[in-house]
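Asker: Protein chains in written order, with our numbering: chain B, 555 to 707; chain D, 555 to 707; chain E, 555 to 707.
Mixed in with the good hints there might be a few duds.
It does not matter which identical chain is meant; a pair holds if it fits inside one copy or across any two.
In silico SDA-like pairs for lysine to any residue, Cα to Cα no more than 25 angstroms straight-line [to be verified]:
id: 1; residue 1: 613; residue 2: 679
id: 2; residue 1: 612; residue 2: 680
id: 3; residue 1: 580; residue 2: 660
id: 4; residue 1: 612; residue 2: 597
id: 5; residue 1: 612; residue 2: 661
id: 6; residue 1: 612; residue 2: 684
id: 7; residue 1: 580; residue 2: 707
id: 8; residue 1: 613; residue 2: 706
id: 9; residue 1: 580; residue 2: 630
id: 10; residue 1: 613; residue 2: 589
id: 11; residue 1: 612; residue 2: 583
id: 12; residue 1: 580; residue 2: 619
id: 13; residue 1: 613; residue 2: 668
id: 14; residue 1: 596; residue 2: 681
These aren't lab readings, by the way, just hints derived from the structure by calculation.
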Amino acid sequence: MSVVTQLAENDVFRAYTTYAAIVLLKMIVMSPITAYYRMTRKAFANPEDAAMRGGDIKKYLRTDQDVERVRRCHLNDLENIVPFIGLGLVYALSNPDLHVALLHFRIFAGSRVLHTISYLVPLPQPSRALTFSAGLLVNVSMAYATLRSVCYL
Amino acid sequence: MSVVTQLAENDVFRAYTTYAAIVLLKMIVMSPITAYYRMTRKAFANPEDAAMRGGDIKKYLRTDQDVERVRRCHLNDLENIVPFIGLGLVYALSNPDLHVALLHFRIFAGSRVLHTISYLVPLPQPSRALTFSAGLLVNVSMAYATLRSVCYL
Amino acid sequence: MSVVTQLAENDVFRAYTTYAAIVLLKMIVMSPITAYYRMTRKAFANPEDAAMRGGDIKKYLRTDQDVERVRRCHLNDLENIVPFIGLGLVYALSNPDLHVALLHFRIFAGSRVLHTISYLVPLPQPSRALTFSAGLLVNVSMAYATLRSVCYL
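Same shape as in the complex, but just chain B (with noise of 0.2 angstroms):
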């Protein structure tokens, strides 16, 4: 039997496999959010895409705050959903028990979801603190697991 045959009918691969598209499909959702914002509030990082809208180039050129929020929601998605795939995919080949491994990629999933409503509402501290942590604890946990079961210093 072919390795890719075998992955497909290991349930813990197909489970990462199926969240980790679902959190980058996510995470590529921050980009056009990102162009919306910029259209809609008329705040350009460079000339030539202010240079789209006609008129004053250099009144459109500025930072926007909520721009600057989707950006900063984008940026802690690479710096969360980066690890997770990374974690996730050694996680899941240490052959880990698939209920344990479908709770961490299900609050991981839940979490980064619940995160960027808390970022783009806004809504008031702690949803966007513990959200963030969520995820965080899913990526050490399965770092741990990982350690754990596959250790070759």
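Once you've looked at the hints, dock chains D and E against the given chain B.
Answerer: Relative to chain B, chains D and E alone:
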């Protein structure tokens, strides 16, 4: 036959490996380009970097439009190449058709190279918007194809 | 023998797993460090964060040199650890010699830990430049080795 040998004979995985290495190398190159601009524009972020040039440190602790442009291009790479590495991996392991997979990988690699050129020259819009969108659509298409063939919530 | 069992017995992949978990854990730690600096320096990016401290919100909505330093260090991690995770994976699966692979992984992990120390203390240049370059060269070397053994355009 070992898993490593099998993956070495799986054309889709070999294609993923090749294009992943290419786009990551392209992204890595942004670091020396940033350093080059910081030195020629004499615009540093850290006092210890400005100190290497000698003279008045405070004068060199400034932001420069060209340096910020390279940094935005680098961040845009991160925001798009990270999903490609993650989605491309799970997509390549979901047993897609070789020619369809190659089409995805080639369009993505081409779009990111052209995006960097559009950003750094800079070419007038919509050059950058189009090259950016092509890469984004490849990522969304790989996510859709992966979730269709492998879905385990 | 299942693919997961095989990977668990492949020393190169186990080494990749171990070092990937270590460098990602190191990167994750940057988030609490940023939060710590934001609180001790009383410099927040969002009004809802400053509101948690009470008092004059506007006074705390500012950038601080120490906070920005941690953030640059975190971003530099992202820019270099992302290629390591991607290139390290395809490199580990391209059947390299165990000792050569370990050399790559160890130099990279060491260089990133020393880079963080050089950045946050901060140590005088060229400490940071050298540790940064060591990590970059490991990434380029893994990309070269991978493309040499697996190339499918």
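Asker: Work down the list of hints and note, for each, if the structure agrees.
Answerer: Here is what the structure says about each hint:
In the homo-oligomer, the alpha carbons of residue 613 and residue 679 lie at most 25 angstroms apart only across protomers (18 angstroms), although the nearest pairing inside one protomer, at 34 angstroms, exceeds that limit. For a Cα distance limit of 25 angstroms, the shortest separation of residue 612 from residue 680 across copies, 19 angstroms, qualifies, whereas the shortest one inside one copy, 38 angstroms, does not. For the homomeric pair residue 580 and residue 660, the shortest alpha-carbon distances inside one copy (14 angstroms) and between copies (24 angstroms) are both at most 25 angstroms. For a Cα distance limit of 25 angstroms, the shortest separation of residue 612 from residue 597 qualifies both inside one copy, at 10 angstroms, and across copies, at 22 angstroms.
Neither within a single protomer nor between protomers do residue 612 and residue 661 lie at most 25 angstroms apart by alpha-carbon distance, with minima of 45 angstroms and 34 angstroms respectively. In this assembly of identical chains, the alpha carbons of residue 612 and residue 684 lie at most 25 angstroms apart only when taken from different copies (24 angstroms versus 40 angstroms within one copy). In this homomeric assembly, residue 580 and residue 707 come within 25 angstroms of each other (Cα to Cα) only across copies, at 16 angstroms, whereas the closest approach inside a single copy is 35 angstroms. In this assembly of identical chains, residue 613 and residue 706 lie within 25 angstroms of each other by CA distance neither inside one copy nor across copies; the values are 56 angstroms within and 48 angstroms between.
Taking CA atoms no more than 25 angstroms apart as the test, residue 580 paired with residue 630 passes in both settings, with 12 angstroms inside one copy and 16 angstroms between copies. In this assembly of identical chains, residue 613 and residue 589 lie within 25 angstroms of each other by CA distance solely inside one copy; the values are 18 angstroms within and 30 angstroms between copies. In the homo-oligomer, the alpha carbons of residue 612 and residue 583 never lie at most 25 angstroms apart, since the shortest distance is 28 angstroms inside one protomer and 31 angstroms across protomers. Proximity of residue 580 and residue 619 under a CA criterion of 25 angstroms is satisfied intra-copy only: 22 angstroms inside one chain copy versus 31 angstroms between copies.
In the homo-oligomer, the alpha carbons of residue 613 and residue 668 never lie at most 25 angstroms apart, since the shortest distance is 35 angstroms inside one protomer and 28 angstroms across protomers. Taking the shortest alpha-carbon separations for residue 596 and residue 681, only the inter-copy value of 20 angstroms comes in at or below 25 angstroms, while the best intra-copy value is 29 angstroms.
Of the numbered hints stated above, those contradicted by the structure are hints 5, 8, 11, 13, listed in ascending order.
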